[in-house]
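**Student:** The residues making up each chain are set out below.
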Amino acid sequence: MAKQILSPLPGTFYRKPSPDQPAFKSVGDAVAVGDVIGLIEVMKSFNEVVADQAGIITGFPTDDEEPVMAGQPLVELE
Amino acid sequence: MLIRKLLIANRGEIAVRIIRAAKELGIRTVQVHSAADADSLAVRMADEAVNIGPPSAAKSYLNIPAILQAAASTGADAVHPGYGFLAENADFADAVVAAGMVWVGPSGDAIRVMGDKVAARIAAESAGVPVVPGSDGRIDDLAQARAVALAIGFPVMIKAAAGGGGRGIRIAHDMAEFDRLMPQASAEAKAAFGDGGLYMEKVIERARHIEVQILGDGARAVHFFERECSLQRRRQKVWEEAPSATLPQPMREKLCASAVALAEAVGYRGAGTLEYLYDDATGHFYFIEMNTRIQVEHPVTEMITGVDLVREMLRIAGGAPLRYRQEDISLKGHAIEVRICAEDPARNFQPGPGTIEALTVPGGAGVRFDTMLYQGYTVPPFYDSLLGKLIVWDEDRASAITRMQRALEELHITGLPTTKPLHQLLARDRQVAVADFHTRWLEPWLQENAHRLGTEETTE
Numbered sequence: 001m002a003k004q005i006l007s008p009l010p011g012t013f014y015r016k017p018s019p020d021q022p023a024f025k026s027v028g029d030a031v032a033v034g035d036v037i038g039l040i041e042v043m044k045s046f047n048e049v050v051a052d053q054a055g056i057i058t059g060f061p062t063d064d065e066e067p068v069m070a071g072q073p074l075v076e077l078e
Numbered sequence: 001m002l003i004r005k006l007l008i009a010n011r012g013e014i015a016v017r018i019i020r021a022a023k024e025l026g027i028r029t030v031q032v033h034s035a036a037d038a039d040s041l042a043v044r045m046a047d048e049a050v051n052i053g054p055p056s057a058a059k060s061y062l063n064i065p066a067i068l069q070a071a072a073s074t075g076a077d078a079v080h081p082g083y084g085f086l087a088e089n090a091d092f093a094d095a096v097v098a099a100g101m102v103w104v105g106p107s108g109d110a111i112r113v114m115g116d117k118v119a120a121r122i123a124a125e126s127a128g129v130p131v132v133p134g135s136d137g138r139i140d141d142l143a144q145a146r147a148v149a150l151a152i153g154f155p156v157m158i159k160a161a162a163g164g165g166g167r168g169i170r171i172a173h174d175m176a177e178f179d180r181l182m183p184q185a186s187a188e189a190k191a192a193f194g195d196g197g198l199y200m201e202k203v204i205e206r207a208r209h210i211e212v213q214i215l216g217d218g219a220r221a222v223h224f225f226e227r228e229c230s231l232q233r234r235r236q237k238v239w240e241e242a243p244s245a246t247l248p249q250p251m252r253e254k255l256c257a258s259a260v261a262l263a264e265a266v267g268y269r270g271a272g273t274l275e276y277l278y279d280d281a282t283g284h285f286y287f288i289e290m291n292t293r294i295q296v297e298h299p300v301t302e303m304i305t306g307v308d309l310v311r312e313m314l315r316i317a318g319g320a321p322l323r324y325r326q327e328d329i330s331l332k333g334h335a336i337e338v339r340i341c342a343e344d345p346a347r348n349f350q351p352g353p354g355t356i357e358a359l360t361v362p363g364g365a366g367v368r369f370d371t372m373l374y375q376g377y378t379v380p381p382f383y384d385s386l387l388g389k390l391i392v393w394d395e396d397r398a399s400a401i402t403r404m405q406r407a408l409e410e411l412h413i414t415g416l417p418t419t420k421p422l423h424q425l426l427a428r429d430r431q432v433a434v435a436d437f438h439t440r441w442l443e444p445w446l447q448e449n450a451h452r453l454g455t456e457e458t459t460e
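Chains D and P are the protein sequences, given in the same order.
The first sequence begins at 1 in our numbering and counts up by one.
The second sequence begins at 1 in our numbering and counts up by one.
Think of the hints as simulated: they come from the structure by calculation, not from any bench.
All figures in this text were calculated on a predicted structure; none of them were measured in a lab.
Every clue listed holds true.
Quick list of in silico lysine-lysine cross-link-like pairs, DSS-like style, CA-CA up to 25 Å:
no., chain 1, residue 1, chain 2, residue 2
1, P, Lys332, P, Lys254
2, P, Lys59, P, Lys5
3, P, Lys190, D, Lys16
4, D, Lys44, P, Lys237
5, D, Lys3, D, Lys16
6, P, Lys59, D, Lys44
7, D, Lys25, D, Lys44
8, D, Lys16, P, Lys59
9, P, Lys23, P, Lys5
Chain D extracted, bound-state conformation (with noise of 0.2 Å):
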């Protein structure tokens, strides 16, 4: 099975560091453990979300700017 990174807190999931900016990571890229793939804004305060995993990006099964529970997938990786 594949390899996912899950949210660690409920809230909005964001994969860009603010709206005019490139996104943190995209299909295809390499993630080492560490690496920040993306922000989960609670309740106004936005917290990174840090890679626990290493591998290649396949996919985001949540979409930027949507609505995320705790331990949802946010990146799959190889």
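Please arrange chain P on chain D, whose structure you already have, making use of the hints.
**Tutor:** Same frame as chain D, now just chain P:
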């Protein structure tokens, strides 16, 4: 025009507050809500509810077409915007009126004037209200700006004319720094707000935040005395009281009269608050801005004057003249409000949404708790962290603080972290007891007391 059916374009505790006032006036209510708020207390209390979009505020509570559509489909004839979201959006106010409805607030034009910092400053000065020394309006060129900086003295603040919420502000401590920051500030303002216009103000280093509540009917305005909100963290108010414990009576009269003068000069209609910095060392006060909406901390004013401000807003919006003369409004006792937020003070105020497992609301004489919580309610992570406001009134400030300690002890919220432990410490603090604080007092206090801010209740 009489209001028959009011749409509440907001959420949380203020939506509940507005529904209560509407019910007392026999007005039916329509609560718009995001998909995340379908179980909210406001939705349960309102006569009707309309889902206006997904959880993201940009797609729901800030979605003007969806709100107007909800108003049309339910036959609402008025809109109350609460605070935050669209409350100070002049285009929304105009759109509500253009759709043939009543906007519970000042006109779009009044919001525009007071929302433009430079225009508000000019309006204040021409009404005889003292402002922070600075440039008279926008800065045209660097030579003029340097002359103004020398005249008012360093440190000076360089602010974006179109800015707000602390954005677009730079502080220069000397001329070299000033020369370096000015071009940066202009470029940043242009990029952030599409308007490179700047103005300058002297930095008032140690001041109290004092604000005056007013109500106007377009022709006449009255004040409801002042609130002091000097206890702030990251420019957010944490603890608010009325009246200010330190304002001498002649100063109070002067400050409140100046607020009425400004409100009447702009033909203000509805509830508004004029915010000032007050330097108690020199006795000077300076107008900083006017908020053209009801404010979070309005209940402390209601407690000391006995007037229901939200109900009066609805009456005025419905076309009634102001029911009070200034001499009808008197100040009695002392009120304090603390903001109970879903944040963990022991973990640098990390927000923690979650489900309310148990809730005990404080009661007894002089105690009020404005909240949207109920047992079993799940606080969503998409909006701000305010859970409720605990307000107490007593005959004097010392008794009010004792009553706040007692009320906080009764308040129990389990299932998520709250800022209750912070308020318990503040209510026992010696400097708070003698009101010896200013707007930059709380942050260093929080650092010193970090080890004492451990959460009282376990959340696991």
